[in-house]
Amino acid sequence: MFRNSQFLLSGVGFKVGGESDIKYLVLQVHYMKKLGPDYSGVAIESTVEPMEKTASTLLMVTGGVLPPNKKETFETACIVDEDVEMHPFALRPHTHRHGVSVAAWVVREQPDGTDKWQLIGERDPLLPQMFQPVNDTSIVIRQGDMVASRCVMVNKENKAFAMGNTGEDEMCNYYMMYWVYGDNVLKDNTCYSPGAPEYHWASEAGLNNIPPAK
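Every letter in the sequence shown is one number past the one before it in numbering that gives the first Met the number 0, and letter 2, counting from 1, is 1.
Be a bit skeptical, because a hint or two may be false.
Claimed, not checked - With a cut-off of at most 27 Å between alpha-carbon atoms, the simulated BS3-like pairs for lysine-lysine come out as follows: (1) 115 to 186; (2) 69 to 186; (3) 70 to 115; (4) 52 to 186; (5) 14 to 52; (6) 115 to 213.
As the list claims (entries may be wrong) - What follows is a list of derived Cβ distance ranges for each label pair: (7) 81 to 23: 23 to 31 Å; (8) 33 to 125: 16 to 24 Å; (9) 156 to 20: 36 to 44 Å; (10) 142 to 96: 33 to 41 Å; (11) 127 to 207: 31 to 39 Å.
Just so you know, these hints were derived from the structure itself, not from any lab. We put the CB at the ideal spot given by N, CA and C, even for glycine.
Sequences are here, hints too, so could you generate the full structure?
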């Protein structure tokens, strides 16, 4: 899950089976080139005892189109409207070949109307695909806070790329693992926007004090 085979935090587990929403565990392995004997796999530690903390994943994702020969940002933002307290602990961005940077923040409006942005984590999406720890494990996301993510992409080709599911499309995904005390995780675990050119933070979400894009 993490580099150097790190594990979940102590006392944290994903709830699977039974009355949970997760009924199956599926392992999918992607190979860059043909290998010799296959020793790929994953070791899972399980228990039937209740855990003190439950882990879950929030996906922040956009639609949109990346124009030819252009740098563009794909942004999404959602208000947390459920009564939860989320403690982010790991992140994984995903784009295809045009991604430059993917980041996510917690955004809170201050009394003077200025938005305060707290970075959850940022990563080059073209690095090996893996979860990495968040920047600050003391962050707590509560009801009324806003979560926002942004993919920066650069297209030096003479054709446009739509966000989609194939290797010939582009993607703007940000996966944020978090834990909660007990098992009160988000019921709505996806934050989606239509992406560029239809959607940007400043216009459609009304956000300000936006961190500059790299």
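What are the numbers of the hints the structure violates, in ascending order?
-> Per hint list: single violation, 2.
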